[in-house]
Amino acid sequence: LTSRAIAAVVLLLSLGAPALASAQTAPAEAPAKVEAPKLVRDPGVVYPAAALESGVRDTVRVVLILELDEAGRVTSAAAENPGDPRFDDVALSAAKKLEFAPARRGATPVRARIRYVYTFTPPPPPAAPEAEAQTPVPDPAPAESEPPKPAADTGAAPVEVIVIGEKLAPAVKSFSHEEVREMPGAFGDPFRAIEAMPGVTPIVSGLPFFYVRGAPPGNVGYFLDGIRVPYLYHVGLGPSVIHPGMVERVDLYSGGYPASFGRFAGGIVSAETKQPRTDFHGEGNVRLFDAGALAETGFGGDRGTILLGARYSYTAALLSLVVPEIELDYRDYQVRATWQLTDRDRLTLFGFGAYDLLAETERNETTVLFGTEFYRVDLRHAHALEHGSIDTHLTFGFDQTHIEEQGNVRARSLGVESALRHRLSDAATARVGVDAELDVYDSRRPSYFDPDDPELDSFAELYPTRNDTTAGMFADVTLRLDRRVELTPGIRVDGYLSGDDSAVAVEPRVAARFLIGDRFRLIHAHGIAHQPPAFVIPLPGLQPSGLDGGLQTSYQTSAGAEFDFDADTSASLTLFQNVFLDMTDAIGVGGSGDDGDILSQRSLGRGVGIELFARRKLTRKLGGFVAYTLSRSTRSVGRESFPSNFDRTHVFNAALGYDLGANWRAGGRVVFYTGTPVQSGFGDDFDEAAGPGPLRSQSPERSDPFFRLDLRLEKRFRLGEQSFVAIVIEMLNATLSKESFGDEEIGPVTIPSLGVEARF
Amino acid sequence: VSRARKVTGLLGAMLLLACLPVDTRPPPGALHVSVRGNEALAQGIPLTSDGWSIVYDRFLVTIGHTWLSGETCDVYSEADYTRIVDARRSEPQKLSLLYGDGRCALMFAVTSPNEDTLITAGVSEGDKTFLRQPGAVNGGISMRVEGRATDGVRSKHFGWSFFRYSGYDCALQEETPFALSGAKDAHATISLRGEALFELDRQPDSALALGPLRFTPFARADDVFGDGDGEITAEELEATPSIDPVTYDSLRIQLDSSLFPSLPELEQKPCRALVLNERPPHAD
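Line by line, the protein sequences give chains A and B. Just so you know, the numbering used here puts 354 at position 354 of the first sequence, and the rest follows in order with no gaps. Converting from the second sequence to the numbering used here requires adding 1000 to each position, the first position being numbered 1.
If you are wondering where the hints come from, they were derived from the structure by calculation, not from laboratory data. Note that beta-carbon positions come from the ideal geometry of N, C-alpha and C, so glycine has one too. Fair warning: there could be bad hints in the mix.
Said to hold, decoys possible - Covered stretches of chain B, going by a simulated chain A footprint (3 or more residues, C-beta under 8 Å):
(1) 1020–1029
(2) 1078–1086
(3) 1090–1097
Claimed, not checked - Quick list of the computed label-pair ranges, beta carbon to beta carbon:
(4) A:Asp704 / B:Pro1026: 30 to 38 Å
(5) B:Pro1026 / A:Gly638: 43 to 51 Å
(6) A:Gly638 / B:Ser1124: 20 to 28 Å
(7) A:Tyr312 / B:Glu1071: 33 to 41 Å
(8) B:Ser1124 / A:Ile491: 37 to 45 Å
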């Protein structure tokens, strides 16, 4: 029994112990062919006089990376490989005057990123004077360069048109799927890469639950195409519940997020799926622990697409060899079907789900120690407007979590949401949306229990059978006040009904982006966010009931600067401060002898710090990043004010990947962070009613710092232009480092992986 | 249409694919566990071997965390909570309800109370607050004993608090653990023995040798090693040699390490204490 209890507790601890998908405007573009932007006007460039004066006579090519908005205007320009600044500056200056007809997907103008080449041809040497008496020889005047053309027209460089969708909000940190694939220790999983981002403080090495700018894991919301995902990682340590091949990009909004996101007070992790493709393609992988595959193809004359993805763990089979009585099983699936109704209308049916089980079998009797599952079916209609899009979707959900001797909670949900994005003018784009969700919770006690057990009462009180309703609306507008100032004010209003309790939250938000020069930006993001009480970590169905203590409220503010060295290399520095009122953070506040009601304990939280992020895309021959966070996260409860149990002053991540040639690629990643507080002398029993007790220190001793090294080695075998097979060896914590918590050591938590991946 | 139906069917099937397994175990047996004080607690000890009579004025015990165990025991439920019991009451009071299948041993603990600890007949919220002394080691008092003793000439008063955590296994020495199965009810009664604290000749780690009851060494703690004011304090016990000086440095340690853990018995058979942590008794 004890071992079972420990196993369950370990799992819960390893796991860390609603709301309607407030929606990021999902892509509304149809899978029609993308039409590249067309050059309308290019005033051209002249060979820099300074270069001529210094004797330069070479033909010089400057490749620019341009981002164009839906009107075809150049919104950003950078040299792909900065060279002679005399040429780069002229090219960048000229790029500002370029005019394009926008890229289009079907009939819809879309934002795009392209390569654009200026070729500087030196002027011919001045002709010899026919007679000295003729007009004086002019100084070598700047001569017009070769007429500029898009690179594709010249054939000098391929045009790369990337539809980049809606411009990302300020202050967001992103990794693309292709980048994450090269990140050591992430196992190719975009969601696991979040822990490497600045502002993210891990709980335990290898455990994909984390604090974001002082906010606990339960206050971080996960979204996939605007659909709330209740649970992101299989069995705590496992991979994410979404096949990586589906994910185009993962964004982390650490604070001051757009008004379209709501009902989470700590942070938003938002993933965007890849656009549907009509050509038959797919990928798969086989690893030590699991196997997964994903394939997509078109049908109906390429008006429709169908995607199937799944992953299955045979961990149970392997584990049974070592511990026959324990069964560990996880799986997930994704199904997506799209149908192009018209050039402007697309229907998408998207279903996904995940299942985790930890069970013990004794004498042929199986007992579920911990099990959780969720399923979502989302029907979406996307309509492209002349200057925007309308996106409406209906989501059905089923969540269930079972904890032995605690009970079983199920939730069925139905949500609807509609969002409009409209370009009001060249200088203003507005987004408005409404949504509502009904969650029907069904809480069941264990089959056999002592009716007097207060623990069960606490569980039933926290998670009773009930109906919760939420509804909200948001609006924001991105104003380009001039070429260098972009301001996005917004507001969000949410109403909550849980049992007999109700609450309304009004959340103003504002973000700003100030361009100083072409490569330097100042970023501000500020906002208020609310959230009902939350469980320690996100688990399907385990949404605490009632609003007795009110909504959690966070005041989020950040200011930073970003600098682009080139299209692939950038750096940023951000200062942040978050304040959390009525926060629920059981693991950040709790002491060793806390009662069950610590789950509903409220505290005043604060997170303040500095984030540094410098990166060069990991997909480059030499790529990498450095992410460093200096922060302090505190809690105040009653008379006490102390650092959060998982406050870490320094968190450092650095990764490097290098293309060794011959399709070999190697990478390493260093993770370092300082220790958590050790509150010795603090009473085991935390209870204000019992009277004064020992207080926790504001400057306690710390556990030892932690260091680990992750490694990755890949060999690819190319089978065609877009097809390959790769062997990937990866190890998280190759240094076998142990982690300290007070007097106790954990680990080493080392995850080796040997796998074969294929893509076609 | 056919394709659409297939897609719809596929999605519907996905929703049903992997529901968590349902409980298919056979119905278990129920074990109703109760607790009571014995006659010595209710009526007092009329006469010890050395001529003292003892009466308890207060005897509060925090007991619970009951669970089943055993090689052939399938555990269906635990009762991971505690109750504060007034051990001077002789009628059985509910301690917990457990479910299991097979041959199961009963285990429980005497420990400090927490906020969720239930109180039973004769125990007040004030008692609970008292036992949950703020700042106390291990979160509070496991057992509070107050009483009086007299040998006809002298009268002594004692008030001792125990902070020790003791886990008890009441079936390892029981050759026939509880047989639970088939939705049948079984009953177990834990008795708390008032004599336990004065069985000074008890051998270490022995659950069987009860020995005669003696109070004189406690009286000497006040008369010889204390201030003789009639109140036997923890400090005086600390200063008093134990009956078994090889094993225990003082009478206080003997009381704490040997006598206190021998308090409960199950179905008139002694229990064995499994876990003892180091918490000194405390008299206020």
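Status of the hints after comparison with the structure:
Requiring three or more residues with a Cβ within less than 8 Å of a Cβ of chain A, the coverage given for the stretch 1020–1029 of chain B holds, as 7 such residues are present. Under the rule that three or more residues need a Cβ within less than 8 Å of chain A, the assignment of the stretch 1078–1086 of chain B holds, with 4 such residues. Beta-carbon proximity to chain A at under 8 Å applies to 3 residues in the stretch 1090–1097 of chain B; the threshold of 3 is reached and the given coverage holds. A:Asp704 and B:Pro1026 have their C-beta atoms about 50 Å apart, which leaves the hinted 30 to 38 Å range violated.
Between B:Pro1026 and A:Gly638, the C-beta spacing of about 49 Å keeps the proposed range 43 to 51 Å intact. The beta-carbon spacing between A:Gly638 and B:Ser1124, approximately 25 Å, falls within the hinted interval of 20 to 28 Å. Checking the proposed 33 to 41 Å range against A:Tyr312 and B:Glu1071 shows it holds: the Cβ atoms sit about 35 Å from each other. A C-beta distance of roughly 53 Å is found between B:Ser1124 and A:Ile491, which places it outside the suggested range of 37 to 45 Å.
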